[in-house]
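K.L.:
Okay, here's what each chain looks like letter by letter:
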Amino acid sequence: MNNIWSIAKRELRAYFSSPIAYVAVAVFLLLVGFFFYSLVWWFNSQAMQMSQNPYYAQQININQMVFSPLFHNMSIILLLMIPLLTMRLFAEEKKIGTEELLYTSPVSIVQIILGKYLASLLVLGLMLVLTWILAAFVFAFGNPEVAPLLNGYLGLFLMGAGFIAVGIFFSSLTENQIVAAVLTFGALLLFWVLSWAASSASGLWKGTLEYLSFFQHFDDMTRGILDTKDLVYYLSFTFFGLFLTHAVIQSRRWR
Amino acid sequence: MIEVENLTKKYGQLTAIKDLTFKVDKGLIWGLLGPNAAGKTTTMRILTGYLPATDGRATVAGYDVFEQPNEVKRTIGYLPEVVPLYPEMTVGAFLGFVAEIKQVPKGKRAAAIDRVVTAAGLKSVRGRLIKNISRGFKQRVGIAQALLHDPQVLILDEPTIGLDPAQIVEIRELIKSLRGERTIMLSTHILPEVTQTCDGVVIINEGKLMASALLASLTTSVSQRDGVFLKLRRGGEEAAALFRQIPGVEKAAAEGDTIRVDWAKGQDSRDTLTRLVVEKGLGLLEMRPFGIEDLYLKIVSGGTTQ
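Protein chains in written order, with numbering that gives the first Met the number 0: chain A, 0 to 254; chain B, 0 to 305.
Derived from the structure by calculation, the hints contain no laboratory data. These figures come from a predicted structure and were not determined experimentally. Please note that a few of the clues may not be correct.
[As the list claims (entries may be wrong)] Straight-line C-alpha distance at most 27 Å; calculated BS3-like pairs for lysine-lysine:
(1) Lys93(A) / Lys279(B)
(2) Lys94(A) / Lys25(B)
(3) Lys8(A) / Lys250(B)
(4) Lys250(B) / Lys279(B)
(5) Lys105(B) / Lys137(B)
(6) Lys25(B) / Lys107(B)
(7) Lys230(B) / Lys25(B)
(8) Lys9(B) / Lys8(A)
(9) Lys107(B) / Lys122(B)
(10) Lys94(A) / Lys9(B)
(11) Lys8(A) / Lys107(B)
(12) Lys93(A) / Lys9(B)
Bound conformation, chain A alone (with noise of 0.2 Å):
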């Protein structure tokens, strides 16, 4: 537990040190907050209509109509960020060789991804959290529902977790961080387009991308249902990104 709190404060010391968690943070708040001034204007316009006719007026929810959309729109800035995030977790290790200075340290191989995931996490976790300083306004004046607004969270928290495998897992197979970085966007991409795939497809098929979509699986989480079947889709997708991650590191070494 030691190493792997070790492995991740040099992680995170090297994010602020670099420009880099600085501008992901900054542009992924300045992006978000775009949106959700747009989102509040149109809702804003939408409610004042809606409230002239009694029967409309009982479907105004803030939830569905800000949060709900907001949660998407953050999903795909996060696609976005996340491969710039991971690109050098273990690329850069391997191209100014220090790589040789981990492996050669009595460090398991599984402290050191889990301790470059941790503190990829608690990047992700720190731009998540400063956008509730958005939500704050809105509970200062309005009254939306905390349930799904903390479910739209943790689906994102989840989906970001999942994304940050896939890119740690990219990392550790090349040394050229830009390759890192565009394999990432490629795959995430990939698993986000699948769910058209299935809109396409019958049966079995259907049902097997509509699964594996990563976008799926959100949609439930942004509408407030919060199913074990969605949970284990991501926790299991993390935990075959960083196996396979293991793998990688494991059969270079043997090679």
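Here the structure of chain A is known, so what remains is to put chain B in place on it, guided by the hints.
P.N.:
This is chain B only, laid out in the frame that chain A set:
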């Protein structure tokens, strides 16, 4: 302290080292000598647990490198060929990180860092970013990180490569000052490095063991047998032909302005040779026994195995 038995490492089709067997005694400085691509780095990487061997056995301080890698890693301090440094960290912070992953107990970390900073002469750069310090200091940081957990065995891969002559002398002195309790193994392709720093030498070429002995015994054994180099005022082929008639001499040939005389192992024809030179009035300018330099040259140019 370090024992290697029939160690073999293949990278796909390429055999980097083949059937390497040698032993390194405790408390001395050993040089792993060989030309480039001889398998020095591969050998060291196997000993430190960075690479697994294809075949064979290696033990460090009694621990098997393959079966007890963590014990071995705790015993060894390792400076790889490419010094592993994080450019965005300060020297002090980097040493702090290494102390953590080398499992120096929490209460002893600060003291351990102070100790290696003093030993490696890093006081003046302790608070500076690694990317901003000179090549010589980076090498020192590399040695300092290898010393942090006070290892019994130090493995240094080309510790003086890429340094200027003054820095080379400094690093050599630093390494010599670490002699004592520790066993040190350093690799180099430069012979003077070995003769000036080391007590013993393991010579490898193309992945095979060529010689392994204490420097003192190697030098005497080399000079006692084999032969001499002669420089004469009136030398040339005729003189060489004359020397070939001395009983026991196997070979005598003019090589430029010197004559190389080889005799059978265990023989010493120096007396006869000198008498002949004086009698014939050839004018002796220099007579030099084969040194370790000649042995090394002979070995790496595909000569005999010692």
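K.L.:
None of the hints should be skipped; say for each whether it holds.
P.N.:
A quick look at each hint next to the structure:
no.: 1; hint: Lys93(A) / Lys279(B); verdict: violated, 67 Å
no.: 2; hint: Lys94(A) / Lys25(B); verdict: violated, 35 Å
no.: 3; hint: Lys8(A) / Lys250(B); verdict: violated, 67 Å
no.: 4; hint: Lys250(B) / Lys279(B); verdict: holds, 19 Å
no.: 5; hint: Lys105(B) / Lys137(B); verdict: holds, 25 Å
no.: 6; hint: Lys25(B) / Lys107(B); verdict: holds, 26 Å
no.: 7; hint: Lys230(B) / Lys25(B); verdict: violated, 41 Å
no.: 8; hint: Lys9(B) / Lys8(A); verdict: violated, 37 Å
no.: 9; hint: Lys107(B) / Lys122(B); verdict: holds, 19 Å
no.: 10; hint: Lys94(A) / Lys9(B); verdict: holds, 23 Å
no.: 11; hint: Lys8(A) / Lys107(B); verdict: holds, 19 Å
no.: 12; hint: Lys93(A) / Lys9(B); verdict: holds, 21 Å
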